Amino acid sequence: MSTKKECVALLLAGGQGTRLGVLTQKVAKPAVPFGGKYRIIDFTLSNTINSDIDTIGVLTQYQPFELNQYIGNGQPWDLDRLDGGAFVLPPYVTAKSGEWYKGTANAIYQNIDFVDRYDADYVLILSGDHIYKMDYNKMLQAHKQKGADCTIAVLEVPLSEASRFGILNTDADGKIYEFEEKPKNPKSTKASMGIYIFNWKKLKEYLIADEANKNSSNDFGKNIIPNMLNANEKMYTYDFEGYWKDVGTIYSLWEANMDLLDGESGLGLDDSRWKIYSRNEAEPPHYVGTRATISNAIVSEGCEVDGKIINSIISRGSRVEAGAEIYDSILMPNTVVKKGTVIRHSIVGWNAKIGENVQIGTDQSKVKEKEIAVVGPFKNIKDKSVIKAGEMV
Amino acid sequence: MVNKKMMAILFASGTDNKLSELTIHRTAASLPFCGRYRLIDFILSSLVNSGVNRVGIITKNNYQSLMDHIRMGRDWDLNRKNSGIAVFPPFVLNTARDMYRGKIEALYTVLDYIEKSPEDYVVISDCNIVANIDFNKVLDEHIAREANVTILCHSNYATTSKRMMVSCNSEGLVTDLNFAEMPTAEKKIVSTNIYVVTKKYLIEEIEKAYSRALFDFEKDILFQSYKDGKIFVHQLEGFTAIIDDIKNYFNENMKILEEPIREQLFDVTRKVYTKVKDSVPTLYGPKSEVVNSLVADGCVIEGRVENSILFRNVHIAKGASVKNCIVMESGQVLEGSRLSYIITDKEVVITEGRELAGFKTYPLVIAKNKTV
Chain A
79 MSTKKECVAL
89 LLAGGQGTRL
99 GVLTQKVAKP
109 AVPFGGKYRI
119 IDFTLSNTIN
129 SDIDTIGVLT
139 QYQPFELNQY
149 IGNGQPWDLD
159 RLDGGAFVLP
169 PYVTAKSGEW
179 YKGTANAIYQ
189 NIDFVDRYDA
199 DYVLILSGDH
209 IYKMDYNKML
219 QAHKQKGADC
229 TIAVLEVPLS
239 EASRFGILNT
249 DADGKIYEFE
259 EKPKNPKSTK
269 ASMGIYIFNW
279 KKLKEYLIAD
289 EANKNSSNDF
299 GKNIIPNMLN
309 ANEKMYTYDF
319 EGYWKDVGTI
329 YSLWEANMDL
339 LDGESGLGLD
349 DSRWKIYSRN
359 EAEPPHYVGT
369 RATISNAIVS
379 EGCEVDGKII
389 NSIISRGSRV
399 EAGAEIYDSI
409 LMPNTVVKKG
419 TVIRHSIVGW
429 NAKIGENVQI
439 GTDQSKVKEK
449 EIAVVGPFKN
459 IKDKSVIKAG
469 EMV
Chain B
4 MVNKKMMAIL
14 FASGTDNKLS
24 ELTIHRTAAS
34 LPFCGRYRLI
44 DFILSSLVNS
54 GVNRVGIITK
64 NNYQSLMDHI
74 RMGRDWDLNR
84 KNSGIAVFPP
94 FVLNTARDMY
104 RGKIEALYTV
114 LDYIEKSPED
124 YVVISDCNIV
134 ANIDFNKVLD
144 EHIAREANVT
154 ILCHSNYATT
164 SKRMMVSCNS
174 EGLVTDLNFA
184 EMPTAEKKIV
194 STNIYVVTKK
204 YLIEEIEKAY
214 SRALFDFEKD
224 ILFQSYKDGK
234 IFVHQLEGFT
244 AIIDDIKNYF
254 NENMKILEEP
264 IREQLFDVTR
274 KVYTKVKDSV
284 PTLYGPKSEV
294 VNSLVADGCV
304 IEGRVENSIL
314 FRNVHIAKGA
324 SVKNCIVMES
334 GQVLEGSRLS
344 YIITDKEVVI
354 TEGRELAGFK
364 TYPLVIAKNK
374 TV
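From first to last, the protein sequence lines stand for chains A and B.
When we follow the working numbering, the leftmost residue of the first sequence carries the number 79, and every step to the right adds one.
When we follow the working numbering, the leftmost residue of the second sequence carries the number 4, and every step to the right adds one.
These aren't lab readings, by the way, just hints derived from the structure by calculation.
Hints may be right or wrong, so weigh each one.
[Said to hold, decoys possible] With a straight-line cut-off of 20 Å between C-alpha atoms, the simulated EDC-like cross-links for lysine to aspartate or glutamate are: (1) A:Lys353 <-> B:Asp78; (2) A:Lys353 <-> B:Asp281; (3) B:Lys274 <-> A:Glu359; (4) A:Lys224 <-> A:Asp199; (5) B:Lys280 <-> A:Asp349; (6) B:Lys258 <-> A:Asp348; (7) B:Lys278 <-> A:Asp348; (8) A:Lys386 <-> B:Glu305; (9) B:Lys274 <-> A:Asp340; (10) B:Lys290 <-> A:Asp158; (11) A:Lys282 <-> A:Asp156; (12) A:Lys211 <-> B:Asp281; (13) B:Lys321 <-> A:Asp199; (14) B:Lys321 <-> A:Glu239; (15) B:Lys278 <-> A:Asp156; (16) A:Lys446 <-> A:Glu239; (17) B:Lys278 <-> A:Asp158.
For clarity, every value in this text was computed on a predicted model and none was experimentally measured.
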C-alpha cells in the first residue's frame, strides 16, 4: 500500500489531435514542442508540481512512445518520487477485458485502481493541451471550502465567442445549475477550461454507473457532468484569471507561441516563483553571427543564427543561415533554414530541413485563421520550392 | 585479471592560480565559463561520455559553490547506485587539522576509495581544463604502450603561469620534464595536468612517497620515474584550454565565438552537461542589435551586444551597449551604459549611463554582487 495522498492528478493525453495534422502524425499532442524549448505538456506538469501535487497519472494511447520517453521518471519536473511521482498510464488488458480508452470518462474509469492505490480524497482532472499557469491548490481549497462534490475551473470569455466553448450557468454563489456544450445563445460567459476537481468517492460511483450504461459515450462533458447535475450534486465553478489557451488547432498553436513575444499577453513565462520545467537537451548557448538581425523574437539554446529573424520563435538547436529571413513564424527544435529562403506566418516542424531560396507562407501582413503554412517534422524541402499560405506538407 | 575501465580523481582547486577576484567566492572548478557552464563541467562530461562513472572530487577552499553545482551528480548522469560522485573534504586524516599539502597527500587520503573501486585505471585531473576529451582513446594507447602514466598534453605557448613542459621521443616516451613560468615565442608540449595512471602503480607510488613525507605528485613521482621508460605523452588535438589567469580566462572564452572551435567543444555526439536551471528562452526586443555573440537562455536583450558572451538571465537595457565583454549570470546593464572589455561576475548591476572600459590585454573584472 502506498502512502495516502490527499489529491491525485490525472492528465488526459489520449486525444488524437487530428487538427494539428502533420505535427501529430507521429507524436501525441501534449508532446508537441512549444515556445522555443518546451513541450505543451510541460505547462500542466509544472503547474501540478508547483501546486504541491506530487502524484500524476498521464493517460495516453495514441503515439505514446515519444511522450513516454519524454516524461521518463518525471525528474525534470521534480516528479521522481519514492512514493508517487509521474506515471504514464496507457490502456491495458485485464483478466476480464482490455480495450482502448473509449472516452475521457472511460479513461479515468480504467484507472480507478491507480487512484485507489493512493487512497485519494480528491482527483484533479487535467487536459494535456492547454497553455496556462494555474495554482490547482487554490482551486482545491475553494472546492473544500464550498464542500463541493465537483468544481470546474472557468474562464470569462467574450460573449461573442462563448458559443465556441462549454458554458456553465451558475447562481450568484457560483453553484452550477446548467451546462451547455457550445450553446447557440449562451446565457453566461463562464467557459469550462476542462479542469475538474472531484470528490473521488462520488466520481467513482458515477464512473461505474456510466460504464454500465451501454448507450453512454463515456465522456465528462456529455455524460458525467450532466448526470451529476441532474442528480443535484453540489457543483461549483472556480474563477480563473490569467492567460489560458487551448492549442488544439494550428492557428491557436501559432497564436499562443506569438503571445510569448507580447509582454502584455499575461502568461509571464519568466517567473522564478512559478517556473515551467522541461527536459533539458544539454545544448550550448545560442550563437548570433555577424550578419544576423533579430527583432522581437525568442531564441533558445543550441541555435546558430546568422539570418534575419522578425517576430518569431526559434527553438533550440535550430540553424538559420545568413540571407535567410523568418517573419512571424515558429521554427520548432533542430530545424535548418538555408540562405535565400523566406518564411512568413508558418510553423516549421522539428528536424525539418528547408533548402535554399524557398518561399513559405503568405506575404500578407495580417494572417487569417486558415493561412498558416505548416512544414511537417523531419521534412526536407528542396531548393526553390514554394509552399503557399495555409498549405501543410 | 585486468579490466579496461577507468575511475577518476579530480582536484577541484588547482595548486595556484591568478584568477583573483573571480575565485574569491568559488573554486576554479566552479568558475562560470562560456555562457552556461562551470569549468568542471568539461572534464566531468568528457569522463561521462567516455564511460567513466566513478568520480571522486577532492576539494580544497571555497567548495560550497561547487557542492551546490554538483549536488548528487544527476545532471551528468552520475547519480549511480554503485558508483557516481564522491566529494572528499580537504582534510588529510581524521586526526589532522590541516588541509592536504599537494596531490600525494590528497591521494593518500582517498587511497582506500581508489583501492576498493573495481576499475584498474585512474584518471587524475584538475578541473580548470576546457576540452572535449575521449578518454577511451587515451586508455587504448596507454594499454598498448604498457605505460604506467600517460600525460595528456597540448601544444601551446608557455605563459607566466606555472606549467609542466614535456619532452618526448617519436614514440611519445617522456624524455624530460620541467616546470616553466616564462613565456616562450614558439609552441611547446605543455601538460594539461590530466593523467591516466595504472592503478596498481599509483597505489604503490603514493604509499612509497607518503611514507617519505613527499607531497608533490609531479616533482616527487613523475620527475623521478620517467627515466624508467613507462611514462608517455598523449597529445590532445582539439580545442584545449587551461584557465588559470584573468587574461586567458577572457581569451579562451572569446575563442568559443569561432565556429570550428564551437564544433569541436560541443560535439553533438559528446555533449557537455551542466546543472539544469530551467531558464526561459532568451527574448530579443524590437530594437536589439546583436553581433557575433553567445547568448544563454533567460536573457532579455533590448540594447546592443557585440563580440560578447552573455550568461543566463542577463538584461541588456535599451540604449545600453556591451562590446567584447563577458556578462555572467543575472547581470544587468541598464539604459545608456557602455561597456568594453569588462568581465562582470554574477549579479552585477551597471546602473544607467555608466561607461566602463578595460583593454584587450587587460580586461577589467567587476566582482560578484557589485553595483556600479
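Handout entry: Pair hint Lys274 (chain B) and Asp340 (chain A), alpha-carbon separation not exceeding 20 Å
Key = violated (33 Å)
Exercise for the section: Could you grab the alpha-carbon distance between Lys224 (chain A) and Asp199 (chain A) and see if it respects the 20 Å cut-off? Expected result: holds (15 Å)
Handout entry: Agreement of Lys321 (chain B) and Asp199 (chain A) with the hint, judged by alpha carbon distance not exceeding 20 Å
Key = violated (52 Å)
Problem - Agreement of Lys211 (chain A) and Asp281 (chain B) with the hint, judged by alpha carbon distance not exceeding 20 Å - result: holds (16 Å)
Practice task
Would you mind confirming whether the straight-line C-alpha gap from Lys446 (chain A) to Glu239 (chain A) stays at or under 20 Å?
Solution key: Holds: Lys446 (chain A) and Glu239 (chain A) sit about 17 Å apart, inside 20 Å.
Exercise for the section: Decide if the proposed pair is consistent with the structure: Lys353 (chain A) and Asp281 (chain B), CA atoms, cutoff 20 Å inclusive. Expected result: The given pair, whose Cα atoms are some 7 Å apart, holds under the 20 Å limit.
Exercise for the section: Sort out whether Asp156 (chain A) lies within 20 Å of Lys282 (chain A), counting only the CA atoms. Expected result: Answer violated: Lys282 (chain A) to Asp156 (chain A) is near 29 Å, above 20 Å.
Practice task
Could you grab the alpha-carbon distance between Lys280 (chain B) and Asp349 (chain A) and see if it respects the 20 Å cut-off?
Solution key: holds (13 Å)
Exercise for the section: Please work out if Lys258 (chain B) and Asp348 (chain A) have their alpha carbons no farther apart than 20 Å. Expected result: violated (31 Å)
Practice task
Take the C-alpha atoms of Lys274 (chain B) and Glu359 (chain A), compute the straight-line distance between them, and say whether it is at most 20 Å.
Solution key: Within the cut-off at roughly 9 Å; holds.
Problem - Given pair status - Asp78 (chain B), Lys353 (chain A), alpha carbons within 20 Å - result: holds (18 Å)
Practice task
For the pair supplied as a hint, Lys290 (chain B) and Asp158 (chain A), confirm whether the alpha-carbon distance does not exceed 20 Å.
Solution key: It is violated: about 42 Å lies between the C-alpha atoms, which goes past 20 Å.
Violated hints, in rising order: 6, 9, 10, 11, 13, 14; the structure is consistent with all others.
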